[in-house]
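*Asks:* Sequence:
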Amino acid sequence: MKKQSKLLKMSLWMVQILLAVTLIWAATMKWVQPINQLATMWPWTGDVSPEFVKLTACIDLLGGLGLIVPGLFQTKPQLIAFTAAGVVALMISAIVFHVTRGEISSVGFNAVFASLALFVAWGRYLKTT
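Under my numbering, the first residue of the sequence shown carries the number 1, and numbering increases by one thereafter.
Derived by calculation from the structure, the hints in this document are not laboratory data. A quick note: this is a predicted structure, and the numbers were derived from the prediction, not measured. A virtual CB, placed ideally from N, CA and C, is assigned to each residue, including glycine. Check before you lean on any hint, since a few could be wrong.
Unchecked claim - Quick list of the computed label-pair ranges, beta carbon to beta carbon: (1) 107 <-> 28: 33 to 41 Å; (2) 101 <-> 58: 20 to 28 Å; (3) 13 <-> 43: 42 to 50 Å; (4) 79 <-> 28: 19 to 27 Å; (5) 109 <-> 37: 13 to 21 Å; (6) 111 <-> 6: 25 to 33 Å; (7) 92 <-> 25: 38 to 46 Å; (8) 104 <-> 18: 32 to 40 Å.
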């Protein structure tokens, strides 16, 4: 049982770091890249207001930090589960957004990302209850 527990803990941390790095990278790109350059990578950014892009950057940054910071400081570990659940909700929102725009090719990434976040939410919830 201890090996499974260690394996689960290690897996959760690896997935959390992967998700956090991706979210923080996306936030940074949305903050520093001009919209026309972002639109070559993420076409939707050219069709929405710059304020909306900045709002999504803030949400991404908060999600990335929320997946890592509570664990690093070992305070309020349940925040990791709540953050991961929020990332799942964010990805479901992104899927709906892309589907309504006819951008079905973007949905796969969001679905995988949501699945990884769901794994973290599940694993961290189990560890805090």
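*Asks:* Taking the hints in turn, state whether each one holds.
*Replies:* Against the structure, the hints come out as follows:
For the pair residue 107 and residue 28, the supplied restraint of 33 to 41 Å is violated, since their beta-carbon distance comes to about 24 Å. For residue 101 and residue 58, the hinted distance range of 20 to 28 Å is satisfied, since their beta carbons lie about 22 Å from each other. Range check, residue 13 to residue 43: about 33 Å between beta-carbon atoms, so the 42 to 50 Å window is missed. Taken as a hint, the range 19 to 27 Å holds for the pair residue 79 and residue 28, whose Cβ atoms sit roughly 22 Å apart.
The hinted range of 13 to 21 Å is satisfied by residue 109 and residue 37, whose Cβ atoms lie roughly 19 Å apart. The hinted range of 25 to 33 Å is satisfied by residue 111 and residue 6, whose Cβ atoms lie roughly 29 Å apart. Checking the proposed 38 to 46 Å range against residue 92 and residue 25 shows it is violated: the Cβ atoms sit about 21 Å from each other. A hinted range of 32 to 40 Å for the beta carbons of residue 104 and residue 18 is inconsistent with their spacing of about 24 Å.
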